[in-house]
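Chains as they are written, first to last, in the working numbering: chain F, 433 to 664; chain R, 133 to 768.
These aren't lab readings, by the way, just hints derived from the structure by calculation.
Pairs of lysine to aspartate or glutamate residues, derived as EDC-like cross-links and limited to a Cα-Cα distance of at most 20 Å, are as follows:
hint: 1; chain 1: F; residue 1: 509; chain 2: R; residue 2: 191
hint: 2; chain 1: F; residue 1: 608; chain 2: R; residue 2: 625
hint: 3; chain 1: F; residue 1: 592; chain 2: F; residue 2: 616
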Amino acid sequence: MWNKGESEGLQTLGIVVVVCSSLKLLHYLGLIDLSDDKIEDELEMTMVCHRPEGLEQLEAQTNFSKRELQVLYRGFKNECPSGVVNEETFKQIYSQFFPHGDASMYAHYLFNAFDTTQTGSVKFEDFVTALSILLRGTVHEKLRWTFNLYDINKDGYINKEEMIDIVKAIYDMMGKYTYPVLKDDTPRQHVDVFFQKMDKNKDGVVTLDEFLESCQEDDNIMRSLQLFENVM
Amino acid sequence: MAAGVAAWLPFARAAAIGWMPVANCPMPLAPADKNKRQDELIILNVSGRRFQTWRTTLERYPDTLLGSTEKEFFFNEDTKEYFFDRDPEVFRCVLNFYRTGKLHYPRYECISAYDDELAFYGILPEIIGDCCYEEYKDRKRENAERLMDDNDSENNQESLPSLSFRQTMWRAFENPHTSTLALVFYYVTGFFIAVSVITNVVETVPCGTVPGNKELPCGERYAVAFFCLDTACVMIFTVEYLLRLFAAPSRYRFIRSVMSIIDVVAIMPYYIGLVMTDNEDVSGAFVTLRVFRVFRIFKFSRHSQGLRILGYTLKSCASELGFLLFSLTMAIIIFATVMFYAEKGSSASKFTSIPASFWYTIVTMTTLGYGDMVPKTIAGKIFGSICSLSGVLVIALPVPVIVSNFSRIYHQNQRADKRRAQKKARLARIRVAKTGSSNAYLHSKRNGLLNEALEMTGSPEDEHMTKTTSLIESQHHHLLHCLEKTTNHEFIDEQMFEQNCMESSMQNYPSTRSPSLSSHQGLTTSCCSRRSKKTTHLPNSNLPATRLRSMQELSTIHIQGSEQPSLTTSRSSLNLKADDGLRPNCKGSQITTAIISIPTPPALTPEGESRPPPCSPGPTTNIPPIGSNIVKVSAL
Numbered sequence: 433m434w435n436k437g438e439s440e441g442l443q444t445l446g447i448v449v450v451v452c453s454s455l456k457l458l459h460y461l462g463l464i465d466l467s468d469d470k471i472e473d474e475l476e477m478t479m480v481c482h483r484p485e486g487l488e489q490l491e492a493q494t495n496f497s498k499r500e501l502q503v504l505y506r507g508f509k510n511e512c513p514s515g516v517v518n519e520e521t522f523k524q525i526y527s528q529f530f531p532h533g534d535a536s537m538y539a540h541y542l543f544n545a546f547d548t549t550q551t552g553s554v555k556f557e558d559f560v561t562a563l564s565i566l567l568r569g570t571v572h573e574k575l576r577w578t579f580n581l582y583d584i585n586k587d588g589y590i591n592k593e594e595m596i597d598i599v600k601a602i603y604d605m606m607g608k609y610t611y612p613v614l615k616d617d618t619p620r621q622h623v624d625v626f627f628q629k630m631d632k633n634k635d636g637v638v639t640l641d642e643f644l645e646s647c648q649e650d651d652n653i654m655r656s657l658q659l660f661e662n663v664m
Numbered sequence: 133m134a135a136g137v138a139a140w141l142p143f144a145r146a147a148a149i150g151w152m153p154v155a156n157c158p159m160p161l162a163p164a165d166k167n168k169r170q171d172e173l174i175i176l177n178v179s180g181r182r183f184q185t186w187r188t189t190l191e192r193y194p195d196t197l198l199g200s201t202e203k204e205f206f207f208n209e210d211t212k213e214y215f216f217d218r219d220p221e222v223f224r225c226v227l228n229f230y231r232t233g234k235l236h237y238p239r240y241e242c243i244s245a246y247d248d249e250l251a252f253y254g255i256l257p258e259i260i261g262d263c264c265y266e267e268y269k270d271r272k273r274e275n276a277e278r279l280m281d282d283n284d285s286e287n288n289q290e291s292l293p294s295l296s297f298r299q300t301m302w303r304a305f306e307n308p309h310t311s312t313l314a315l316v317f318y319y320v321t322g323f324f325i326a327v328s329v330i331t332n333v334v335e336t337v338p339c340g341t342v343p344g345n346k347e348l349p350c351g352e353r354y355a356v357a358f359f360c361l362d363t364a365c366v367m368i369f370t371v372e373y374l375l376r377l378f379a380a381p382s383r384y385r386f387i388r389s390v391m392s393i394i395d396v397v398a399i400m401p402y403y404i405g406l407v408m409t410d411n412e413d414v415s416g417a418f419v420t421l422r423v424f425r426v427f428r429i430f431k432f433s434r435h436s437q438g439l440r441i442l443g444y445t446l447k448s449c450a451s452e453l454g455f456l457l458f459s460l461t462m463a464i465i466i467f468a469t470v471m472f473y474a475e476k477g478s479s480a481s482k483f484t485s486i487p488a489s490f491w492y493t494i495v496t497m498t499t500l501g502y503g504d505m506v507p508k509t510i511a512g513k514i515f516g517s518i519c520s521l522s523g524v525l526v527i528a529l530p531v532p533v534i535v536s537n538f539s540r541i542y543h544q545n546q547r548a549d550k551r552r553a554q555k556k557a558r559l560a561r562i563r564v565a566k567t568g569s570s571n572a573y574l575h576s577k578r579n580g581l582l583n584e585a586l587e588m589t590g591s592p593e594d595e596h597m598t599k600t601t602s603l604i605e606s607q608h609h610h611l612l613h614c615l616e617k618t619t620n621h622e623f624i625d626e627q628m629f630e631q632n633c634m635e636s637s638m639q640n641y642p643s644t645r646s647p648s649l650s651s652h653q654g655l656t657t658s659c660c661s662r663r664s665k666k667t668t669h670l671p672n673s674n675l676p677a678t679r680l681r682s683m684q685e686l687s688t689i690h691i692q693g694s695e696q697p698s699l700t701t702s703r704s705s706l707n708l709k710a711d712d713g714l715r716p717n718c719k720g721s722q723i724t725t726a727i728i729s730i731p732t733p734p735a736l737t738p739e740g741e742s743r744p745p746p747c748s749p750g751p752t753t754n755i756p757p758i759g760s761n762i763v764k765v766s767a768l
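Take these sequences, add in the hints, and give me the full structure.
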């Protein structure tokens, strides 16, 4: 049977509920302040805006003419109105040229190669300097730039793992539907061939000198480096 | 490829230098920039307002008026500008499309004027950006509905020729205003519905007494009269129902519709009553059936547009109502439980069980307060008051909110569905664009090889078949070609990939290799002839066949088009190793060899080491890098 104690317990419970709800009500009315407010930091939208150096300076520093720089800058500013390219935008732009596969890894390595100061963003000057080397530079400069691209950790040596990463990224751009079918160890095989050619002293890493020497011996590579002379 | 990104193509091509040391084969030649013009400003004069832009900006979209040579028709020699006699306001949006790649729809613009302008400039409205697409679709739909309404009302006025009797009857039923007879019928049925409903109501009113001090309802006092009225009404309703059934274009659908069910339910009780006469057991059920007579009132919904809209609104807001009911139920159960346990202690309390307390909770929450059940304990009173306060909040407050929510949520749901459908459409568009651009590459690869081969033979028909690709496209394709060379693999489309996978799993034609190799040296290439021996049939291989068929018009050499399906696949079955990277670009090779028509020496040996595949024609020297493109020189 229900005894008095229990009904009294319910009574107290009822009174507690009434008190709590009235406190809450007062808090909502703003008369008292119960919560411990955390100060929310306003996220400042940092609009990075960068203006490149003057046209004359860039013309002096690179191998492009004023007209070419103008065309380049117009295209650059169209895609990146803030004046700098961050990695995401870079990847997006590059992926548009390779709709078959996934160009993001190679774009990542490219971005690191362009971003010489490792700031995480590529300004127009960096962009144009790299392009100047690639399109108008000497063979030596091009090869050095390519070595820099392959050397992911920028320690001056290319080891097999770095090379496999790069080659894998290139193969990723092909996508799934290829003929013949891409197998898993195709990049590795490709890298083995590459290392056989490049690693002169067979020490497992390729230094800049070995790289330059081997590339200059190979006619195919020499010829293909000249391929993009007339891009602009 | 998006338009603005075209400006970054030089960068992408320059970055391709990173592939060069890794590649083992020589790279294809870059397309020559034949007419290397400096970029110039062109002036577009639209009804007096001058717009200026770079020529290359307009050339981003070559399949529109401004991007193609069609604009030369509007070139004014005297003023050296392009003059368009169109609306300058809309032209602003169109030009911005070229500049930014996104087409926007201005809200103040009339939808049909905008559509006309887009059609003039050759721009499809589907590429309107997502920010404006919803608005555009809404306006377009409103406009279409308006047009349809106009058409309908037009159609109603004109006399339609020779409808069958059945169709005229159906139209008369659906639209009472079409003829006077329909109108008469409409009013008569309405009148009888009203009579029937009123009779049902009046039947139960007690009128007068009968000796014996018993109050009789009118129905029993004037039984005959009411029976006659009822009969008459049911007669009319039955006739109406049968006529509708006869006239309905789809009888099955008519029978399933709500209105016909209401009709049936309205007249059934009468007939059942006729059938079951004064049987005491069933008369109780018969009385219950009479309740269904009240459904006759729903027949009014055919006569009232408002009723139909209300019913439709309720149906569409069913989920919101359902949620309201659910939350109410939760609150009822909670409070009923609390009240039961609170009142358990008090003597002679009416709260005998939790379901019994439901009644109290509902009555209190809806602020009815009958007073047949009241709490007596203090705890009960406290919780009871909380219950009634929360009842006020739970019921009274959301009602106006829900009423306005009806329209808001209703439209929102529709917009969510729209957005989902649009998202599917948008993804499909993106996919199509992607496959379009990858297909464009594959297509142009074939065409490119075809082109150069044709230039060798000096065929005069090369103008017709191949589309002249823009410089940017050819440069882009050259870039993709370099990638293929670097990795020694080729891009193919999905169908071919499936075929190859299927074929590579069937590896059982080793013996038939050599005989077919040596036998055929005819007009057709050895690879083609070899395949003609094979009987493997593949399901979706119409793609190669159609391609070759289009080439057939060009080349004078007869290629067995129907044999082609087995070509690529049986080629793969020839090699023991399924994945050897040595198979040449058979597609390309059959094109070049078909046109050159030189019998190729069947040199494919089973081992599959490095050697030139048989399909590369003998005079490889005549064909510059193209031929060497086909040959895969070394194994990986």
